[in-house]
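Listed below, chain by chain, are the residues.
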Amino acid sequence: MPRITRLFIKSGMIYFLAGILLALIAELPDVSTGALLLPVYWHMIVIGWITQVIMGVSIWMFPRKKRGKRKEETFAANAAFWCLNIGLVLRFLAEPFLPFYFNESWIVLVIVLSSFLQIAAIGFYTAEIWPRVRPRPTRKGQPKKAKG
Amino acid sequence: MPEQSVWMIRLSMIYLLIAITIGGVLLIHKSTPLHPGVWALLPVHFELAIWGWLVQFVMGTAYWMFPRHLTGEARGADARGWIVFLLFNAGVLLLVGGHLLATLPILRVLARGSLLISILLFITLMWNRVVTYRDLHD
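Each protein sequence line maps, in turn, to chains A and B.
Residues in the first sequence are numbered consecutively from 1, following my numbering.
Residues in the second sequence are numbered consecutively from 1, following my numbering.
What the hints contain is simulated information worked out from the structure, not anything from laboratory work.
Errors might be hidden in some of the hints.
[Stated by the list, open to error] Cβ-Cβ distance ranges computed for the label pairs, FRET-style:
1. H69/B x A127/A: 28 to 36 Å
2. W127/B x R136/A: 21 to 29 Å
3. W82/B x I86/A: 46 to 54 Å
4. R68/B x A127/A: 43 to 51 Å
Ideal Cβ positions, reconstructed from N, Cα and C, are used throughout, including at glycine.
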């Protein structure tokens, strides 16, 4: 398993744990913050955990552009990981405090940076995976049914 | 990789890009107001992230990777795979349209119906591929 896949899956597991922890906290009447942590919880599970595991495993398992080539780690895969995780951490640190610092320039800056990093991460991931998602080229004389 | 999976996975990545861009706009709007109409995009953000991205990516990958039939067409009827792809994506697009055009609730009914039929067909395609061929080698 390539290093970048291990990073995606391990950081995914940390978000999974943190998300479940937040869900538990939200159920405790004395410490619950109401809906404040709800978007953080949902994004930890859906982006931090599920999406990140899909990204890591697809970078590992999807067919490479050149057969037999060593599983090299590309710039796009690394950029996707770092942009996504820096973006998510900034988001999770800032989002619960938005009602208290609404429209203040520093928090707007953090949120805008986080948004752009997350969008860039998906752009890098798409650039990595798109050329690897293709029908298997049929060899001469090979019947078409045998592809795939 | 079968063509149906290629297009399901590619479209799922496009939906993810759109979903995360809408999510970014919503997040920025939470910190500094952009436009009062921005919140109308929230259900589109959910639907694209869950149906367009997660569900479709998993379906496309399963259709590609699950054990193939030993006789006949490797992944079942090819045309049925295309119908699954077309109905599923029609459903996703109708869902988006239904959320953006709230005056036309029929769009969301059609969307859920389209998704339901495509998933039913997907299950009929996949049911017999949830197998092991290990016994044949023993």
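Consistency of the hints with the structure:
1. H69/B x A127/A: 28 to 36 Å: Given about 35 Å between the Cβ atoms, the range holds.
2. W127/B x R136/A: 21 to 29 Å: 25 Å, holds
3. W82/B x I86/A: 46 to 54 Å: Once the Cβ atoms are compared, 40 Å apart, the range 46 to 54 Å for I86/A and W82/B is violated.
4. R68/B x A127/A: 43 to 51 Å: Cβ of R68/B to Cβ of A127/A: about 30 Å, so the range 43 to 51 Å is violated.
Hint compliance for this structure: hints 3 and 4 are broken, all remaining hints hold.
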